[in-house]
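Given the sequences, and given the hints that come with them, work out the whole structure.
So the protein lines, in turn, are chains F and P.
Just so we're aligned, residue 1 is where the first sequence starts under the working numbering, counting upward by one.
Just so we're aligned, residue 1001 is where the second sequence starts under the working numbering, counting upward by one.
Please keep in mind that the hints were generated in silico from the structure rather than gathered at the bench.
All values derive from a computational prediction rather than experimental measurement.
For every residue, glycine included, the Cβ atom is placed at its ideal position computed from N, Cα and C.
Where hints are given, some of them may not hold.
As the list claims (entries may be wrong) - Heads up, simulated DMTMM-like pairs for lysine to aspartate or glutamate below, C-alpha to C-alpha not over 20 Å straight-line:
(1) Lys-1111(P) with Glu-1139(P)
(2) Lys-91(F) with Glu-1139(P)
(3) Lys-32(F) with Asp-1128(P)
(4) Lys-91(F) with Glu-110(F)
(5) Lys-32(F) with Glu-72(F)
(6) Lys-91(F) with Asp-103(F)
(7) Lys-1011(P) with Glu-1028(P)
(8) Lys-91(F) with Asp-107(F)
(9) Lys-1107(P) with Glu-1145(P)
(10) Lys-91(F) with Asp-1057(P)
(11) Lys-32(F) with Asp-4(F)
(12) Lys-91(F) with Glu-1121(P)
(13) Lys-1111(P) with Glu-1075(P)
(14) Lys-32(F) with Asp-5(F)
(15) Lys-91(F) with Asp-1142(P)
Stated by the list, open to error - With beta-carbon atoms standing in for the labels, derived distance ranges:
(16) Gly-44(F) with Glu-1143(P): 46 to 54 Å
(17) Arg-42(F) with His-1030(P): 40 to 48 Å
(18) Glu-1121(P) with Ala-118(F): 16 to 24 Å
(19) Asn-38(F) with Asp-1057(P): 29 to 37 Å
(20) Ser-86(F) with Glu-1163(P): 14 to 22 Å
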Amino acid sequence: MLDDDLSVHIREREGVAIIDLIGDVTTFAEEKITSAYNEVSRRGARNILLNFRQNDYINSAGIAILIGVVTEVNRRNQRLAVSGLSQHFQKIFRMVGLAQYIDIYQDEDEAIRGLNAAVA
Amino acid sequence: MVAGARRGWVKIMANVSPGADPVERVVELHLPSRLGYEKVAMDAAASVARRMGFSADRVEALRTALAEAVTNAIEHGNAHNADTRVLVILTVRPSELVVSVADQGFKPIDKAKIAPTPNIEDSFSRADKGGWGIWLIRELMDEVEFTTAPTGGNQVRMVIHLEKQP
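Here it is in C-alpha cells:
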C-alpha cells in the first residue's frame, strides 16, 4: 500500500534518452532506476534526462540511488540532466552537491534544448 | 510496546490537555515499523504545520526531515521488527512546532553518523552512497537533539520555528 510507489518508463526524444520517474524515489526505487539507466546505456545513450513527475517524496535513500547513477554517468562520460523537480528538491540537490554533476531544468522541453545545445 | 499490535495498524491520538498550557496541542502517531508508514507521519505533520501558518517551503523541509527520522527509527532503532512501533509526537506551540520521533531501541543510534557532513565526492568511491539522512535533518530543522526516549529507545527531537511573514 505504502511502499513501492514509483513508475519508471524509458523513451527517446531528439537524441536524448528520457527516464520518466513518476512517484516516490526511496529505497524501493533502486532496482527500477538502476535497470532503466543500464538499459538506456546499453542502447548507447550519451545524454540522459531523469524526468521527475509527482515526486513529493525523495528521501536520502533515493538520493543515494541518484549518486550511484551519477557515479556511472561520470565513469562512462555521459551527460545527465533532471527536469520536473519541485523547488524543494532542487534545493536538496544543490545542498547535497548533486547539482554540480547534474544539469537541473524546470521542464522536459527546456532540458531537451539545453542538452542538445550543449552537444552542438 | 503496543500490546496486540499488528502490521498495518496506525494509531493516531490528538489531545488538548486541560492542565497544560492552553495553547499547547499534541498529536501522537504510533506507526508500524514498516517502510512506507513514514508517509503517514509526513502527511500528518504537514497538515498541522500548514494550519499553523508555515510557508510551503518550510512544510516541505519538515516533511523531508521527519521522513528521515522515522525511516531511521524503522530501519535502525526498531530493526524492521513488526512487533515494534515508532512514536511520533507533534507538539504545537505558539511560535514553533516540536516533533519528536522515538523508536524502541533495538539498536542504539550510531553516534558516528550524527556529526559528520557527508561529501558527494567521497560517495562516488564508496559502495554505500548513503549517510545523508541525519545531515539533512540537521540542515533543514532549526533545532535537533538526539537523546534516549523514556522507553529506552532512540529519540530525535526536532523544532521548526514559525517565522513571521514579512
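- Query: What hint numbers does the structure not satisfy?
  - Reply: none
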